[in-house]
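To convert, note that position 45 of the sequence shown is 45 in full-length UniProt numbering; the numbers rise steadily by one, no gaps.
Hints listed in this document are in silico derivations from the structure and should not be mistaken for laboratory results. Please note: incorrect hints may appear among the correct ones.
With a cut-off of at most 16 Å between alpha-carbon atoms, the simulated EDC-like pairs for lysine to aspartate or glutamate come out as follows [what the hints assert, rightly or not]: (1) K2 x E54; (2) K50 x E17; (3) K24 x D37; (4) K16 x E38; (5) K16 x D35; (6) K2 x D35; (7) K2 x E21; (8) K48 x D35; (9) K2 x D51; (10) K50 x E38; (11) K48 x E92; (12) K24 x D34; (13) K2 x D22; (14) K16 x E54; (15) K2 x E38.
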Amino acid sequence: MKVISAYLLAVLGGNKEPAFEDIKNILGSVGAADDSDERIQLLLSQLKGKDLNELIACGRNKLFVCVPVVVNAIGDGGAGPAGSVAEPKKEEKVEENIDEDSDDDWSDLYFGDPLREDW
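Produce the entire structure from the sequences given, and follow the hints as far as they go.
This is the structure:
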């Protein structure tokens, strides 16, 4: 990755075809040029005579083909077999008995009770 990044930095800097020494200097400037000679040679041999913009466009197209399928927001795992229509689920109403004088509500510990005078 660091060799490819150095190559791309050289291209962004205006060097359309970076040489071995260009990439080695970029890597050396950040202390990453210790064992990268073989990788630089391999990268330069694979990119020789190729347009970088075309390679990036080709790679971008491959990424769009490999996009994973996203499960729908309802979370039922998918749409089911083709042609089937899912029936909407009936929601049951649950009534909660809330005692307003109960000490179960602890929210006033964090936000204060505006009706209390001792706050």
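Now the hints, each set against the structure:
A threshold of 16 Å between alpha carbons decides the hint, and for K2 with E54 the separation of about 21 Å lies outside it, so the pair is violated. The hinted pair formed by K50 and E17 meets the criterion: a straight-line CA distance of about 10 Å does not exceed 16 Å. As the CA atoms of K24 and D37 are separated by approximately 8 Å, the hinted pair is consistent with the 16 Å bound. Of the pairs offered as hints, the one joining K16 and E38 is violated, with about 21 Å between alpha carbons and a cut-off of 16 Å exceeded.
Distance restraint check for K16 and D35: the Cα-Cα separation of roughly 24 Å exceeds the 16 Å cut-off, and the hinted pair is therefore not satisfied. The hinted pair formed by K2 and D35 meets the criterion: a straight-line CA distance of about 11 Å does not exceed 16 Å. Using a Cα cut-off of 16 Å, the hinted pair K2 and E21 holds, with the two alpha carbons roughly 15 Å apart. At roughly 22 Å between alpha-carbon atoms, K48 and D35 are farther apart than 16 Å, so this suggested pair is violated.
For the hint linking K2 to D51, the alpha-carbon distance of about 20 Å lies beyond 16 Å, and the restraint is violated. For the proposed pair K50 and E38, the alpha carbon gap of about 20 Å is over 16 Å, so the pair is violated. Straight-line distance between C-alpha atoms of K48 and E92 comes to about 67 Å, which puts the hinted pair past the 16 Å bound. Between K24 and D34, the direct Cα distance comes to roughly 9 Å. Compliance with the 16 Å bound is thereby established for this hinted pair.
The straight-line distance between the Cα atoms of K2 and D22 is roughly 13 Å, inside the 16 Å bound, and the hint therefore holds. Under the criterion of a C-alpha separation no larger than 16 Å, the hint pairing K16 with E54 is consistent with the structure, at around 13 Å. Restraint check for K2 and E38: the C-alpha separation of about 13 Å stays at or below 16 Å, so the hint holds.
Of the hints listed earlier, those the structure fails to meet are numbers 1, 4, 5, 8, 9, 10, 11, in rising order.
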